[in-house]
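Trainee: Read off the chains here:
There are 2 protein chains.
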Amino acid sequence: MGDVNRQIVLAERPGRHGVTLDCFRLEVAEKPRPGPGQLLIRNLYLSCEPAQRGWIAAGANYSEPVPLGGVMRSFALGQIVESDDSHWPAGSLVYGRFGWQDWHVSDGRDIDRRCHAADGPLELNLHLLGLTGLTAYLALTEIGRPKAGETVAVSTAAGAVGSVAGQVAKILGCRTVGFTGSAGKVRQCLDEFGYDAAIDYKTAGDLEAALKAAAPEGVDVYYDNTSGPVSDAVMTRLRQGARIAIVGTMAIPSHPVPQGPRYNRAILVNRATVTGFLAFDWKAQFDAAAKQLAIWHREGRIHTRHDVAEGIEAAPAHLLRVLKGENDGKAMVRIAEAE
Amino acid sequence: MGDVNRQIVLAERPGRHGVTLDCFRLEVAEKPRPGPGQLLIRNLYLSCEPAQRGWIAAGANYSEPVPLGGVMRSFALGQIVESDDSHWPAGSLVYGRFGWQDWHVSDGRDIDRRCHAADGPLELNLHLLGLTGLTAYLALTEIGRPKAGETVAVSTAAGAVGSVAGQVAKILGCRTVGFTGSAGKVRQCLDEFGYDAAIDYKTAGDLEAALKAAAPEGVDVYYDNTSGPVSDAVMTRLRQGARIAIVGTMAIPSHPVPQGPRYNRAILVNRATVTGFLAFDWKAQFDAAAKQLAIWHREGRIHTRHDVAEGIEAAPAHLLRVLKGENDGKAMVRIAEAE
Numbered sequence: 001m002g003d004v005n006r007q008i009v010l011a012e013r014p015g016r017h018g019v020t021l022d023c024f025r026l027e028v029a030e031k032p033r034p035g036p037g038q039l040l041i042r043n044l045y046l047s048c049e050p051a052q053r054g055w056i057a058a059g060a061n062y063s064e065p066v067p068l069g070g071v072m073r074s075f076a077l078g079q080i081v082e083s084d085d086s087h088w089p090a091g092s093l094v095y096g097r098f099g100w101q102d103w104h105v106s107d108g109r110d111i112d113r114r115c116h117a118a119d120g121p122l123e124l125n126l127h128l129l130g131l132t133g134l135t136a137y138l139a140l141t142e143i144g145r146p147k148a149g150e151t152v153a154v155s156t157a158a159g160a161v162g163s164v165a166g167q168v169a170k171i172l173g174c175r176t177v178g179f180t181g182s183a184g185k186v187r188q189c190l191d192e193f194g195y196d197a198a199i200d201y202k203t204a205g206d207l208e209a210a211l212k213a214a215a216p217e218g219v220d221v222y223y224d225n226t227s228g229p230v231s232d233a234v235m236t237r238l239r240q241g242a243r244i245a246i247v248g249t250m251a252i253p254s255h256p257v258p259q260g261p262r263y264n265r266a267i268l269v270n271r272a273t274v275t276g277f278l279a280f281d282w283k284a285q286f287d288a289a290a291k292q293l294a295i296w297h298r299e300g301r302i303h304t305r306h307d308v309a310e311g312i313e314a315a316p317a318h319l320l321r322v323l324k325g326e327n328d329g330k331a332m333v334r335i336a337e338a339e
Numbered sequence: 001m002g003d004v005n006r007q008i009v010l011a012e013r014p015g016r017h018g019v020t021l022d023c024f025r026l027e028v029a030e031k032p033r034p035g036p037g038q039l040l041i042r043n044l045y046l047s048c049e050p051a052q053r054g055w056i057a058a059g060a061n062y063s064e065p066v067p068l069g070g071v072m073r074s075f076a077l078g079q080i081v082e083s084d085d086s087h088w089p090a091g092s093l094v095y096g097r098f099g100w101q102d103w104h105v106s107d108g109r110d111i112d113r114r115c116h117a118a119d120g121p122l123e124l125n126l127h128l129l130g131l132t133g134l135t136a137y138l139a140l141t142e143i144g145r146p147k148a149g150e151t152v153a154v155s156t157a158a159g160a161v162g163s164v165a166g167q168v169a170k171i172l173g174c175r176t177v178g179f180t181g182s183a184g185k186v187r188q189c190l191d192e193f194g195y196d197a198a199i200d201y202k203t204a205g206d207l208e209a210a211l212k213a214a215a216p217e218g219v220d221v222y223y224d225n226t227s228g229p230v231s232d233a234v235m236t237r238l239r240q241g242a243r244i245a246i247v248g249t250m251a252i253p254s255h256p257v258p259q260g261p262r263y264n265r266a267i268l269v270n271r272a273t274v275t276g277f278l279a280f281d282w283k284a285q286f287d288a289a290a291k292q293l294a295i296w297h298r299e300g301r302i303h304t305r306h307d308v309a310e311g312i313e314a315a316p317a318h319l320l321r322v323l324k325g326e327n328d329g330k331a332m333v334r335i336a337e338a339e
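Line order of the protein sequences matches chains A and B.
Using UniProt numbering, you'd call the opening residue of the first sequence number 1 and step up by one each time.
Using UniProt numbering, you'd call the opening residue of the second sequence number 1 and step up by one each time.
What the hints contain is simulated information worked out from the structure, not anything from laboratory work.
Ideal Cβ placement from N, Cα and C applies to all residues, glycine included.
Treat the hints with care, as some may be off.
As the list claims (entries may be wrong) - Quick partial rundown of chain A residues pointing at chain B, CB under 8 Å, derived from the structure:
hint	residue
1	VAL66
2	VAL274
3	ASP281
4	TRP282
5	LYS283
6	ALA284
7	GLN285
What the hints assert, rightly or not - Only pairs whose alpha carbons sit at most 27 Å apart, straight line, appear in this in silico BS3-like list of lysine-lysine:
hint	chain 1	residue 1	chain 2	residue 2
8	B	LYS31	B	LYS170
9	B	LYS170	A	LYS147
10	A	LYS212	A	LYS170
11	A	LYS291	A	LYS324
12	B	LYS147	A	LYS283
13	A	LYS170	A	LYS283
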């Protein structure tokens, strides 16, 4: 393994059956050599996450889709093993967009964060201290701006992002209400992530009534990962000056644009604010956010779950489990040990 | 007239025919006497505006509906004729919620702004320097925050609020695109209010295509008075970081909540912000805003139209013209001269 670069590449785009194992192929390339000013990164952990479905679809998105035959785009935790850049000395742990492969050559621009072994288990860097945790923390604090005593509602409350958002809101002194999709996840929300109330949106029936019971005074902050019926219920229960962070739209298709209730009057009457959040717009805050999250984790105030598969060849199947909602915690694949 | 208080009161709530003349009744009451600490205001101009439909409807709104038999709620320009409050000396011109009546007794809390004869014709205080102009200016500058060179779209672009918003955006160096509802208003948008482009939403057919032609680079700021099809088109053409001020929902019913396209992905992908605006939340900025608007008006950079009816008994019919869109400029009724 040390002398070759195993890569999972995109074999075909998702068709009518969605993402399948046939979309991917393992290839073995030569271990790359860094050029002047470049770094050679050995990947230790590869991330599997819902956004990857969008990255291999043909439609427009934040970024160009992964080309056919190209290495599957992915966040990863790696270790710099060769460096021609004094800002990134060999041995550094780094988190960034390094792809599903053993080795990655970087000019530094695809590194999103310098990691620190002292922050805790390495897995944390792909979750709580990685894009999911940073997204949870920054969208909540920068867009939601919750104040102690306010009520914060979270959709996909037991998910990777939602579970961190809910816990941070609780740490900040808020009442938290989570929406999730099974009785088991409701229990997890209450027992593990500290939500004050959790609603199984699949069985609750009248979601507005369920939310009214869970948050009688209404919702000040809504951390929205889904759009769809959960959002429709929340938008009927806004308090004045409510802040809604749109972080994901998991419950609705991208094309064609689906129909739903027009929220305009709810936004107007409550002088609410709805804002779309993309973590990379807030890169300057990543280090401060990760530092705070690491402290809370060390203090035992934030709980995380990691669903770790072993070996690069396991990555496609592990991603499929994520897309089916079968993962138990943040999904990642371990492919090497740090030196 | 000097010794009695003529009042237009609410005779019945709008029924299936909407607001009609039968909703109102003229009554003659005694001229009121102010008590300790109170002011007696003689109304000079009464306002007629779309919001009044909401104030007499039974449904929930920002405020309690006008009670049956109660004086019709209205903005007005008045002059203080007796005062037991040194903050508001007799002779002061004041703008506030004084109702459709000759005389109003106030404790000062329903006064929204002190007016100044030097600012221009008195009518300005019910329009450019009143709630419509303040709403236009503050929602645009505080929520829309347009920068020179950006594109600002306005719905009901020739209306009382929209026409000021469009002109302010132009003064601030923006490219302005107005949506309006007739060929005549399109001409007015272009010739009188200085829009760079104007679209007749009733005849344009494909609104997205029309907007794309008018604003090829997309929309940075959307001043939304309507919701509905115009908004649906704008939301497909947002630029990154777009700001949408929801100021009105004229094109959609309040109940039941109508269906429309879900904007979530457009908001997310463009990291847009949608915010509901109610002018009274910004009362602390009223004087500064009015001062700026008065300067621009004196410089000839903002054009206004006033549709002035004469005599308090004309108020209900004048309001009906507003609700049918038949008014030509900001509608108001003159009932007395300033001393």
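Trainee: A separate judgement is required for each hint: does it hold in the structure or not?
Mentor: These are the hints, each one checked on the structure:
1. The beta carbon of VAL66 (chain A) comes no nearer than 18 Å to any beta carbon in chain B, farther than 8 Å, and the hint placing it at the interface is violated.
2. Hint status for VAL274 (chain A) relative to chain B: holds, with the closest Cβ pair at about 4 Å, below 8 Å.
3. Hint status for ASP281 (chain A) relative to chain B: holds, with the closest Cβ pair at about 6 Å, below 8 Å.
4. Using the Cβ-Cβ criterion of 8 Å, the hint placing TRP282 (chain A) at the interface with chain B is not satisfied: the shortest such distance is roughly 10 Å.
5. A distance limit of 8 Å between C-beta atoms decides the matter here; for LYS283 (chain A) the minimum to chain B is near 13 Å, and the interface restraint is violated.
6. Interface restraint check for ALA284 (chain A): the shortest CB-CB distance to chain B comes to about 15 Å, outside 8 Å, so the restraint is violated.
7. The closest approach between the C-beta of GLN285 (chain A) and any C-beta of chain B is roughly 15 Å, which is over the 8 Å cut-off, so the hint fails.
8. Taking the CA atoms of LYS31 (chain B) and LYS170 (chain B), the gap is about 46 Å. The hint is violated against a cut of 27 Å.
9. A threshold of 27 Å between alpha carbons decides the hint, and for LYS170 (chain B) with LYS147 (chain A) the separation of about 38 Å lies outside it, so the pair is violated.
10. Among the hinted pairs, LYS212 (chain A) with LYS170 (chain A) is consistent with the structure: their alpha-carbon atoms are about 19 Å apart, no more than 27 Å.
11. Among the hinted pairs, LYS291 (chain A) with LYS324 (chain A) is inconsistent with the structure: their alpha-carbon atoms are about 32 Å apart, more than 27 Å.
12. Restraint check: the Cα-Cα separation between LYS147 (chain B) and LYS283 (chain A) comes to about 24 Å, which is no more than 27 Å; the hinted pair holds.
13. Restraint check for LYS170 (chain A) and LYS283 (chain A): the C-alpha separation of about 24 Å stays at or below 27 Å, so the hint holds.
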